[in-house]
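K.L.:
Quick note, the sequences are listed as chains A and B, same order. Count the first sequence with my numbering and you get residues 6 to 119, in order. Count the second sequence with my numbering and you get residues 9 to 122, in order.
Just so you know, the hints here were simulated from the structure itself, not pulled from any lab data. Do not take every clue at face value.
As the list claims (entries may be wrong) - A few chain A residues facing chain B, derived, Cβ under 8 Å:
hint, residue
1, 39
2, 49
3, 54
4, 110
5, 111
6, 115
Said to hold, decoys possible - The list that follows gives simulated cross-link-like pairs (lysine to any residue, SDA-like), each with its CA atoms no further than 25 Å apart:
hint, chain 1, residue 1, chain 2, residue 2
7, A, 46, B, 63
8, B, 57, B, 122
9, B, 66, A, 48
10, A, 71, A, 32
11, B, 109, A, 37
12, B, 57, A, 104
13, A, 46, B, 57
14, A, 46, B, 51
15, B, 109, A, 57
16, B, 50, A, 93
17, B, 109, B, 54
18, A, 71, A, 51
19, A, 46, B, 76
20, B, 50, A, 42
21, B, 66, B, 48
22, A, 46, B, 45
Positions of the beta carbon are idealized from the N, C-alpha and C atoms, including for glycine.
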Amino acid sequence: GAVVSQHPSRVICKSGTSVKIECRSLDFQATTMFWYRQFPKQSLMLMATSNEGSKATYEQGVEKDKFLINHASLTLSTLTVTSAHPEDSSFYICSATHGTGGTFFGQGTRLTVV
Amino acid sequence: AQSVTQLDSHVSVSEGTPVLLRCNYSSSYSPSLFWYVQHPNKGLQLLLKYTSAATLVKGINGFEAEFKKSETSFHLTKPSAHMSDAAEYFCVVTLVTGTDKLIFGTGTRLQVFP
Chain A
6 GAVVSQHPSR
16 VICKSGTSVK
26 IECRSLDFQA
36 TTMFWYRQFP
46 KQSLMLMATS
56 NEGSKATYEQ
66 GVEKDKFLIN
76 HASLTLSTLT
86 VTSAHPEDSS
96 FYICSATHGT
106 GGTFFGQGTR
116 LTVV
Chain B
9 AQSVTQLDSH
19 VSVSEGTPVL
29 LRCNYSSSYS
39 PSLFWYVQHP
49 NKGLQLLLKY
59 TSAATLVKGI
69 NGFEAEFKKS
79 ETSFHLTKPS
89 AHMSDAAEYF
99 CVVTLVTGTD
109 KLIFGTGTRL
119 QVFP
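Make the full structure from the sequences, and use the hints.
P.N.:
Next comes the structure, spelled out in structure tokens:
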């Protein structure tokens, strides 16, 4: 089946620094990718829709300047958490839609800001 | 607007006994419905999906779900639980047909006791 790879799986950073998370569709092209955030013991909340070659569409309440999304190619979308703070610590998951209509998720990235 | 409600936050069963995870949906359109499983600190794996074909959907690992329009339900079942089934399960509905934006339920944590 289609594979979506997310990197890194875990990252620890200091407050005030920026962290980049990559989401790659390994064996298919994805014009649209999605970024989700999951708080401990809670469900996934859609943060933004990443569109190749255009600006991302953010969900209400998500800070565009805090969470920068770049979808530079049909196989790569990146999420950069800028000036990270402890409250940004969370589990971030991306997904990509295959041409057949299936949605495939990355393995997730656990971000810890200290 | 689409929404999905998972009626139980926790379900505990003994190994070898049946599993029932409940999900009700609300949708203005003909919905596509999914069940995903998430093991600790892992990404999401698709168990099964309903997309207006057969109402009884069979998935991986012995799971199945039945779409009941009259009850607006999409409950997940398995005849005999296995220890490896212990995980978080999410019922998911598409936000708007064709956009692939997913709305997640709050999740049900399944515990399996020996």
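K.L.:
Look at each hint and say if it fits the structure.
P.N.:
Here is what the structure says about each hint:
1. Proximity of residue 39 of chain A to chain B holds as hinted, the smallest CB-CB distance being about 7 Å (cut-off 8 Å).
2. Given the 8 Å rule on beta carbons, the hint for residue 49 of chain A holds: about 5 Å separates it from the nearest Cβ of chain B.
3. Satisfaction of the interface hint for residue 54 of chain A is found here, the shortest Cβ-Cβ separation to chain B being roughly 7 Å, below the 8 Å cut-off.
4. With a least beta-carbon distance of about 4 Å to chain B, the hint placing residue 110 of chain A at the interface is held under the 8 Å criterion.
5. Here the hint on residue 111 of chain A is kept, as its CB sits about 6 Å from the closest CB of chain B, short of 8 Å.
6. The restraint placing residue 115 of chain A at the interface with chain B holds, with a minimum CB-CB distance near 6 Å, inside the 8 Å limit.
7. Proposed proximity of residue 46 of chain A and residue 63 of chain B is contradicted: the alpha carbons are some 31 Å apart, above 25 Å.
8. Our distance criterion of 25 Å between C-alpha atoms is broken by residue 57 of chain B and residue 122 of chain B, whose separation comes to about 29 Å.
9. In summary, the hint linking residue 66 of chain B to residue 48 of chain A is supported, as the alpha carbons are separated by about 24 Å, within the 25 Å threshold.
10. Distance check on the hinted pair: residue 71 of chain A and residue 32 of chain A sit about 30 Å apart at the alpha-carbon level, beyond 25 Å; violated.
11. Distance restraint check for residue 109 of chain B and residue 37 of chain A: the Cα-Cα separation of roughly 10 Å lies within the 25 Å cut-off, and the hinted pair is therefore satisfied.
12. At roughly 16 Å between alpha-carbon atoms, residue 57 of chain B and residue 104 of chain A fall within 25 Å of each other, so this suggested pair holds.
13. Under the criterion of a C-alpha separation no larger than 25 Å, the hint pairing residue 46 of chain A with residue 57 of chain B is consistent with the structure, at around 24 Å.
14. Restraint check for residue 46 of chain A and residue 51 of chain B: satisfied, since their Cα atoms lie roughly 14 Å apart, inside the 25 Å limit.
15. Restraint check for residue 109 of chain B and residue 57 of chain A: the C-alpha separation of about 16 Å stays at or below 25 Å, so the hint holds.
16. Between residue 50 of chain B and residue 93 of chain A, the direct Cα distance comes to roughly 19 Å. Compliance with the 25 Å bound is thereby established for this hinted pair.
17. Taking the CA atoms of residue 109 of chain B and residue 54 of chain B, the gap is about 15 Å. The hint holds against a cut of 25 Å.
18. For the hint linking residue 71 of chain A to residue 51 of chain A, the alpha-carbon distance of about 15 Å falls within 25 Å, and the restraint holds.
19. For the proposed pair residue 46 of chain A and residue 76 of chain B, the alpha carbon gap of about 28 Å is over 25 Å, so the pair is violated.
20. For the hint linking residue 50 of chain B to residue 42 of chain A, the alpha-carbon distance of about 13 Å falls within 25 Å, and the restraint holds.
21. Restraint check: the Cα-Cα separation between residue 66 of chain B and residue 48 of chain B comes to about 24 Å, which is no more than 25 Å; the hinted pair holds.
22. Between residue 46 of chain A and residue 45 of chain B the CA atoms are separated by roughly 14 Å; this keeps the pair inside 25 Å, and the hint holds.
Taken one by one, the earlier hints fail for this structure at numbers 7, 8, 10, 19, listed in ascending order.
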